[in-house]
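Q: In case you want the letters, here they are:
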Amino acid sequence: MSTAQWIGGLMVLAGIPFFLLGTLGLLRFPDVYTRLHALAKADNVGLGLVCIGLGIQSASVTLLLKLVLIWVLMLIASATAAGLIARTALARGLRPWGT
Amino acid sequence: MTELYPAVTVLLLLNIVVGMVRILRGPTAADRMLAAEMFATSAVVIVLLMAFVTGNLALIDVALIFALLAALASVTFVSRAWSAMTGGGSGAECGDDEPGGRS
Amino acid sequence: MTVYLSLAGVLFLIGLHGFFTARNLLRRLLALNVLTTAVFLLFVVMARLAEPLDAVPHAIVLTGIVVTVSTTAVALALLVRIAGRMRDEDTDPAAGPRGGAG
Amino acid sequence: MGTAGVIFDGLLALALVWLAWQATRAADLFHAVVSFIVFGLLMALAWVRLEAPDIALAEAAIGAGATGALLLSALDRLVTREGRRTVLYEPGAAWGFWIPAGAALLGALTLAAWKLPAPGLGDEVLASLGASGVDHPVTAVLLNFRALDTLLEIGVLLLAAVTIWSLGRAPSPLVPVMPSPALPALGRLLFPVFVLVAAYLLWRGSHAPGGAFPAGAVLGAGAILMLLAGARPWIRSSEHGPWRWILSLGLAMLLAAGIAGTVMGQAFFQYPPGTAGPLILLLEVAAGLSIALLLFALYLRGEPCEHGYRGSGP
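Each protein sequence line maps, in turn, to chains A, B, C and D. Read in my numbering, the first sequence has 94 at position 94, and its numbers run on one by one without any break. Read in my numbering, the second sequence has 1072 at position 72, and its numbers run on one by one without any break. Read in my numbering, the third sequence has 2073 at position 73, and its numbers run on one by one without any break. Read in my numbering, the fourth sequence has 3242 at position 242, and its numbers run on one by one without any break.
It is possible that some hints are incorrect.
[Claimed, not checked] Stretch-level coverage of chain A by chain B, calculated; a stretch enters the list once three of its residues show a Cβ under 8 Å from a Cβ in chain B: (1) 16 to 30; (2) 36 to 49; (3) 53 to 63; (4) 70 to 77; (5) 81 to 91.
[Stated by the list, open to error] Quick list of the computed label-pair ranges, beta carbon to beta carbon: (6) B:T1054 with C:L2078: 36 to 44 Å; (7) D:V3162 with A:L13: 52 to 60 Å; (8) C:M2086 with A:H37: 27 to 35 Å; (9) D:L3014 with A:H37: 29 to 37 Å; (10) A:H37 with D:A3252: 49 to 57 Å; (11) D:H3207 with A:G93: 52 to 60 Å; (12) D:I3099 with A:T62: 48 to 56 Å.
[Unchecked claim] Just a sample of chain D residues kept apart from chain C, beta carbon distances all over 10 Å, derived: (13) A3004; (14) G3230; (15) W3243; (16) R3244; (17) M3253; (18) Q3270; (19) P3272; (20) T3275.
Note that these hints are calculated values from the structure, not bench results. We put the CB at the ideal spot given by N, CA and C, even for glycine.
With the hints as constraints, model all of the structure from the sequences given.
A: Written as structure tokens, this is what we have:
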């Protein structure tokens, strides 16, 4: 097994705990805002690690670029969605936890 | 490393199943929508891993479409659905001023 | 494959029951969608069991998905009109009893 | 994928049954709709497991795109008192009746499926793939062997759009209370990517999973996103003419291709030898564009009108 295979595989495996932690946050955090915080950050770090890891393993620049495109699209989507949901929740009068 | 990927897909699917509790419990519509967003991210990773496990790289396109459309549900939710949950908006038809537009 | 065959059966039953007994029309529409998915699943499992992989059921299911979207869209447009009419009757006292006289 | 694959399938099946149950029986309508959207998402995973990448693409594009947007947008008008009714189901709908009746129907269907010719048509499709003009079996079936189905399918879409438009003017949407600056930026940023991905899928269709269906669905979803992001649709009631022509373009071209064969003394939808490849590409472009526009037309929920969407634009 080549070094690239090892590095890629380790990156993929390193990405998985972020998903588990994101779900933990989704289940345990007290309100919408804190849950947004958990998901929008943790999941996208995990996705980034998985995409880049798989890209390194595939040893193909086209595939790596495609995987990075997927990551960037997901980042844009979740950043916008998080912002929109938080703004609207605030405008609807949902009080952040602890205030 | 690659031998572990099937097990990882199971783990991620389990992650989604556990996350479904949030859809069940709510309490607000936003919480449910958030959970659905999270599932899209996990599904992207599952599809990508499956593409590499089975060697069918066409599956990467499925992940690409998921990523591209991930924003749509939330945007629709915020700009169309949520306004109704708490009331607001007149709900007029745009052809109201025309005679016979609504009989 | 047995898993997916039984899944198709269970989804079929859930969809069928919901479609015939739900009172809310949107819920009926969702049940109809579940029902069609069960049928698609049956098609695809049968294509998977064939040797070599059968492309014809895949094409049929693709066509079916688009037809399902059309059905859903038309049903939703009708539902929205119905809901609008009902809301008018509920909230507009000036409208008076509508429909009963004619 | 071995043992892990078996566990994956079982878990996926359980999750799908649970979501279908929630989608049809949850007390809260929004809960039901979100369950259905997630159901579509997981169904795409099931299609991947069943080696049907074409269907996975279509399900991902249509389920997450058009259907999700349609359902969520309709909710704003449908959450009425009816949605909070306590008795959700008709009385007397006892499971004692439903389980035997459903099982009997299911059994009959299984029997019917069992009686079908066992090997399927896979061999025949592969045998004539060389003459079809494309290298991907599903595309060959859709646009050559069974092009009639595709023609009728576009016809169904067009009919749906006609039905919806004949219901009257499009209702003007409830305007979001706090339009975020991020939304128009998102539209501007993503729409070129939507067009690019749609073109890519269309081009892929001739030799790999892809083709007119997912491409049209992606493009249609992009148009819906642009509408939500505040772009004004360029259709106005005074200019309906060209819009209607474009909507029926796909159907017209498929019909023309079909009839051309008949006129030249061949069967309906029999392409002249040697021209099948380019002809299919042309038909794919037409079908993809018209699927995209028709999905967008379905989303409008009524005939677009002159001063619709006031306030949602920047």
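Q: If a hint holds in the structure, say so; if it doesn't, say that too.
A: Here is how each hint holds up against the structure:
Judged by the Cβ-Cβ criterion of 8 Å, the segment 16 to 30 of chain A is covered by chain B as claimed, because 7 of its residues qualify and three suffice. With 6 residues carrying a beta carbon less than 8 Å from a beta carbon of chain B, the segment 36 to 49 of chain A meets the three-residue requirement, and the given coverage holds. Using a Cβ-Cβ cut-off of 8 Å, 4 residues of the segment 53 to 63 of chain A lie near chain B, which meets the minimum of three, so the contact claim holds. Three residues within the 8 Å Cβ limit are the bar, and the segment 70 to 77 of chain A against chain B gives 6, so the coverage statement holds.
A stretch counts as covered by a chain when three or more of its residues have a beta carbon under 8 Å from one of that chain; for the segment 81 to 91 of chain A and chain B the count is 5, and the coverage holds. For the pair B:T1054 and C:L2078, the supplied restraint of 36 to 44 Å holds, since their beta-carbon distance comes to about 42 Å. Taking the beta carbon of each, D:V3162 and A:L13 are about 53 Å apart, inside 52 to 60 Å as hinted. Between C:M2086 and A:H37 the beta carbons are some 40 Å apart, a value that contradicts the proposed interval 27 to 35 Å.
The hinted window of 29 to 37 Å between D:L3014 and A:H37 holds, with their beta carbons roughly 30 Å apart. A beta carbon spacing of about 52 Å between A:H37 and D:A3252 agrees with the range 49 to 57 Å that was offered as a hint. The beta-carbon spacing between D:H3207 and A:G93, approximately 54 Å, falls within the hinted interval of 52 to 60 Å. Between D:I3099 and A:T62 the beta carbons are some 52 Å apart, a value that agrees with the proposed interval 48 to 56 Å.
A cut-off of 10 Å between C-beta atoms confirms that D:A3004 is not in contact with chain C; the least separation is 14 Å. No beta-carbon of chain C comes within 10 Å of the beta-carbon of D:G3230; the shortest separation is about 22 Å. With a least beta-carbon separation of about 17 Å from chain C, D:W3243 lies farther than 10 Å from that chain, consistent with its non-interface assignment. In this structure D:R3244 is separated from chain C by more than 10 Å, as the shortest Cβ-Cβ distance comes to about 17 Å.
For D:M3253, the requirement that its beta carbon stay farther than 10 Å from each beta carbon of chain C is met, with the minimum near 17 Å. Separation of D:Q3270 from chain C is adequate, the least Cβ-Cβ distance of about 18 Å exceeding the 10 Å criterion. Every Cβ of chain C is farther than 10 Å from the Cβ of D:P3272; the closest lies at roughly 23 Å, confirming the non-interface assignment. At the 10 Å boundary, the C-beta of D:T3275 stays outside the reach of chain C, the nearest C-beta of that chain being 22 Å off.
In the structure shown, a violation is registered for the earlier hint numbered 8 alone.
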